[in-house]
Structures are given as structure tokens and as C-alpha cells.
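Undergrad: Below, each chain spelled out in residue letters.
There are 2 protein chains.
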Amino acid sequence: MVPGCYLKPRLKSQKSDMRIAVDVMGGDHGCGVVIAGVKRALEENKDLSAIYLVGNKDEIHAALPPRGFRDHRVRVIHTTEVVGMCEKPVVALRKKTDSSIARAAELVSEGKADALVSLGNTGGIFAAGTFKIGRIAGVDRGCIATVMPRQESEFVLLDAGANVECKPMHLAQFAVMGSIYSHEVLGHENPRVGVLSIGTEEGKGNELTRETCRLCKKLNLNFIGNVEGHDLFKDHVDVVVCDGFVGNVVLKSLESLAVAMFSMLKRELMHSAQRQLGAYLAKGAFQSLRRRMDPEIYGGAPLLGFNGVVFKAHAAARERAVASAVRMTINAVKNQINQTIARDIAEANRILNLDKHENGGTPNA
Amino acid sequence: MVPGCYLKPRLKSQKSDMRIAVDVMGGDHGCGVVIAGVKRALEENKDLSAIYLVGNKDEIHAALPPRGFRDHRVRVIHTTEVVGMCEKPVVALRKKTDSSIARAAELVSEGKADALVSLGNTGGIFAAGTFKIGRIAGVDRGCIATVMPRQESEFVLLDAGANVECKPMHLAQFAVMGSIYSHEVLGHENPRVGVLSIGTEEGKGNELTRETCRLCKKLNLNFIGNVEGHDLFKDHVDVVVCDGFVGNVVLKSLESLAVAMFSMLKRELMHSAQRQLGAYLAKGAFQSLRRRMDPEIYGGAPLLGFNGVVFKAHAAARERAVASAVRMTINAVKNQINQTIARDIAEANRILNLDKHENGGTPNA
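Heads up: the sequence lines are chains A and B, in that order.
The first sequence: position 222 = 222 (my numbering), numbered continuously.
With the second sequence counted from 1, adding 1000 to any position gets you my numbering.
Simulated from the structure, these hints should not be mistaken for laboratory data.
Hints may contain errors.
[Claimed, not checked] Computed footprint of chain A on chain B, listed as stretches where at least three residues anywhere in the stretch have a Cβ under 8 Å from a Cβ of chain A:
(1) 1198-1206
(2) 1244-1256
(3) 1279-1292
(4) 1337-1343
Source: prediction; values computed, not measured.
Positions of the beta carbon are idealized from the N, C-alpha and C atoms, including for glycine.
Chain A on its own, in the form it takes in the complex (with noise of 0.2 Å):
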């Protein structure tokens, strides 16, 4: 069998009729931008049967043109609460049970909606997944998958953040959602796995990373092995897996240097009065660059896992940005990534769990 080749079948019918709850109170521009972004999305995805945009009644009629969106595919629920990006997620999600988070989850476990995008508290959002949706049956863990910007494509990290403390098993797990998202959404033919460790020689690492790279080994994808930072923007790898800590820290750093070289670069080009030329007329460079670095416009991550799409964009998305999650959600929805994700989860565990008989039970599963 070529490795990873049980993934390349696509589900032969692709799903039309989709419909997408939009939770559009949780970010830090207001639900204004989010609506722009929606109507964008609307815009460009005929193939979009419903949005329902989940928040304050009142602010969302504020922010939509005077006579709505003339799009009889958008309907407003309405909610009284939101959930704080300091709340504490499972405890705000249990006590605010009209908060815009759980409603819009609410519609998808209810079959009302296929998927959910959100740019409010990450925690918040998976819990509401997790609580709400439910997890895929066989999926151990739900997990944040990031995906970053390298020179002519992406990549994908996961988990980013929601599993603190990881077993080689959830990892393995994570291994198999991330290359069904990098092959079905992101299009990549046969993703290349790599477990996130601290040189690509065998057995470098630690005892979660070495013995993931055991599981990994069994199963069919297209496995790497050891991946180091260095890899991450150089093309070697398309998916990336480690635990939520290191996930986390990794993602968090790269986004504050992103950001700090953009700022460092303007304050050199305003030095003096030829810099600003030259930065005015390479302007266009500039803008390009961001449009794919910057966090705060690239930057999203699809919850994997759960019983139904959700997708995290950044708090800080603007226009283009929400526009470009929900073109994400719907690539997931369309190529009907969660079927993929049973199946392949399910002959994953056969094989784990063979694994585990095999070493007498004794394993980190």
C-alpha cells in the first residue's frame, strides 16, 4: 500500500447544500466586520444554502446595510450573551446558556447547521464543540489545527493548544485529522507527516515524541518522522503535530515575531526621507507580504474532531479575513472532511489497538 494512499480517495459526492452558523460577537472589531466578511463569503459561494448570523439582534441590524442583505439566505438568531475572551471557557459556556457560542453550536448538534465559525474565545469555542457538537466517534481528543503561511504554500500545525497534556495516541490521532485537512481543504496531494521534535534524527526527542513516532510509523500516512522549527517554513512538511503546550508556544511565538518584524521593517523605511520613497514605491511588496504573513489577516484554525466543522478565526480578522474562514469552513463541509475523519480514525485505532495488544497493554495509549 503507498503510504498515505487510504487517504486519496475523496468521498465521491461533494456536499451542495450547505449551511453555516456564524457566531459574530466574539471579535475585537465588532460584529460589523464580521458581517462584511459573511456577506463577502455569501457573495463569491452560491453553492451556500444558509448563514445564520448568532448575536445581539440589535447590533447585528446596526451593522447591516439599511435594507439588510437582500439575501434570503441569511437569518439572524438572536442571543443575549456573550462569552469574554478572559472567561474561563467550560465554566462561562455552562453558566451563559444564551451566549452566541453555545446557540450557533447549539445549531449545529441540532442538524440546523453544518458548521460553526467563530472569532471569539478559542477555549470557549472548544468547549462548546466539545460539549455541545460532541466528538467524532473514535476521536479521542478534539484538537486545534493552526494553518501557516510558508513561500508557496502552507502548513499545518496541530494540536495548537487544546490538549496540555498529550498521550503518543492522541498525538497519532491529531496525525490522521491533520493530513485528511491538509489533502481535503488545503488541497495538498499526499501531505507529508511530521511529528514537531528537537533534531530529524530517530529517536531524538522525548518519550511522547519517540514513541508517537511509533504509532506514526504503523499507520497509513505519508509519515516523516521528526520534523525540527528549522523545517517548519522550508517546505519539508505539511503537517506538523505536538502536544497543545509546545503547539501553543510555538504558534504564539511566531505570530509575536511576525508582528515585530513588520513593525521593526516600518520603523527602518521611516528613517529618513529616501527610505520612504523606496518603501512608497515598494509598497505593493510590502502589503503582499503581510496579506500572507500577518496573523491578524491570514490567521485561522479549524477545531478537528467534532461532529460537525468549526473553525476559529482570528480575534482580530477584519473583512477579508472572516471571508476567507468562512471560504475555509465551507471547503471543509463541501469535501465532507468529518466522514473522512470517522473512517480513517476508525482504521486508525484498529491498528493502534493492535499495536497496544501486541506490547502487552503496556503502552501510552
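Take the given structure of chain A and dock chain B to it, following the hints.
TA: For chain B alone, kept in the frame of chain A given last:
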């Protein structure tokens, strides 16, 4: 006691008679650029009383200007072996008794040199520190401290890869050593020390970071608690403490992104004649940013906790970066950081042992 104040009073006398052993064999660009960097450092630093160029004498003499340095402070130490970049450090060090790194470390352990600078295999340098030079009394683990640039100054991240599995006690000692380095060598008045975690709130993180925070609070550090990736380049923290797995992954990921961003920017700037003209006019801005952010230019890492100052320069360092590595090393020797480390680690251990007894000897020290 004001937090951090026991770090403040510098040892009154600064060392003035300094001798540095430079392993000239490890770099990517041959020993010529290392020697050119040493030459620059010698010109700048009249306090240096001796520089040992340790490596193959034929290669060294071929790289020297026709009449040598004309500097009586330069001495060549001939060695016949080199620890390669891909060799297993401890094995290679034991086998290659006449390697440049082993001989340079011996100059330190024999008291002939105060410090060691190398561009070679980081593991090899660390092993030479551990087995040839030895650790400062009271220091349980040596560590790699990377200095990273940000807008106005820089911060230290440690451990950057020497210790994959750490206990809270080790991280607490790294915090003390990092704080001293930040103060004595980088000139931060009252360095802010943080533990790298996945959120700034108390209690966020894993068992290791939570217990490290508890211990660090007891020490006389300017301890600010958890920091997250987003804080790194924001001038929120001067000393970032983590285990060697996380530190190595973060460091290499950041280096990878910095290089990728320069390469993507270059490509964008070549896109049209107008952008090329702009780039030409603003050239100074890019050069200046590059000098600041390119790991091959600024990169370098002191290895802390050894009975001698040990500095690892980037393998791809050229003249300027080598000179800068020697400059940092001189600062560390001049300010006698190891005497301060010995004193403050002894005090920290006293506090940590007291804590251990109070907690019934159970905790993770």
C-alpha cells in the same frame, strides 16, 4: 528585600587580564572568517591579553594574513581532529581526544584560558563544558541561553536545547543564571523573569511550569510569572525560562520564520521594476533589519553553569558575528558572571532546599 536586588551589586573589581580560547574549526565558512572575526575583536578590545586559535595549524596559517596577525596576543594551538556537526557529541568528544573543541575546553579547565568560543556542534560544546570544564558548584544542569533580538533590546531564552527533560528545580536554577546573564552581560537593570507557558494567568500551563512558578516566586528574582509566546518580542520580559525541548523548538521555529520572511520579502521586491527601484532606495532599512534579526548575523548562545565562560556562535557566523560572540564573551568574563552565579545559586539552593523540607521532601527538585 526588593525583588532581584541581591543580583544588583556587581562584584566590585572587573577582571582585566582576559584570555579566550577560540575553536576555529567548527563554522560553516571555514576558519578564515573565524580568524577575521577574532582579528576585529582584538582590535576593539585592548583588555584581551591572549587569544588561542585552536585548530589545524596548516588551515590556520593559510587563513592568516601573510605576516600573521602582528599581534603578540595570538597563539595557535595545533589540533588534528574536529567534532563534526552530525556526530554524537559525547561519543565524539570521548573518541576525538585531539579535537579542537576538546583542546579548547582543556585550556579553560587548566586555567590557561578564562573562556571558550566555538561555532561547532552545540552538543559537542555542551559536552566539553560538562566533562572537560565541569559545572559550577551547586549548579545541577548546565544550559543553553539564547539571546534573541527585539525592537529596542533583546531577551534571553533558556534552556534552548541542552536538557530535554527538566524538573522545576532545574528551571528555577536557569531562571537565576539567566537573570544574572541579562544583568551582567546585557545590562538589564532589574531583569524581568518569566516562565514560558500557554497563558499569563496563574495556574495556566503544565505541571512543570506551575511548580517552577511556585519555586521562582520564592527566589529573589524580579519574577513576573507566566509569559506566553505573544509576549516574547514585546518588551514584556527579559529572561524566558523553559525546558530544553520547548526552548529548542521555539528557537528553531523562530529562526525558520525570520529566514522565510526575508526570502519572501526579497521575492516580492523583485516582482516589478518599480518595486526593485523602491527596494534599492530603501536598501539600508533591509540591511539594518537583517543585521538585527538574521540568526546568522546576531545568533549566538552562552552556555551557562560551567567553570569558565562558554559561548556558542552560530555555525554560519561570519566576521561580524564572530567578533560579536567574542565581545559578549569578554563582557561575561569581565563582569565575572560565574562568581555571581556561584554565589546566587548557593543562595537559591538554600531557599529551594528549605522549601523541599517544608513540603516533606516530596516536590520535584
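Undergrad: Hint by hint, say whether it matches the structure.
TA: Consistency of the hints with the structure:
Only when three residues or more bring their CB closer than 8 Å to a CB of chain A does the claim for the segment 1198-1206 of chain B stand; here the count is 3, and the claim holds. With 12 residues having a beta carbon nearer than 8 Å to a beta carbon of chain A, the segment 1244-1256 of chain B meets the requirement of three or more and the stated coverage holds. Only when three residues or more bring their CB closer than 8 Å to a CB of chain A does the claim for the segment 1279-1292 of chain B stand; here the count is 11, and the claim holds. Counting residues of the segment 1337-1343 of chain B whose beta carbon lies closer than 8 Å to any beta carbon of chain A gives 0, which falls below the threshold of three, so the coverage claim is violated.
Comparing the model with each earlier hint shows a violation of hint 4 alone; every other hint is respected.
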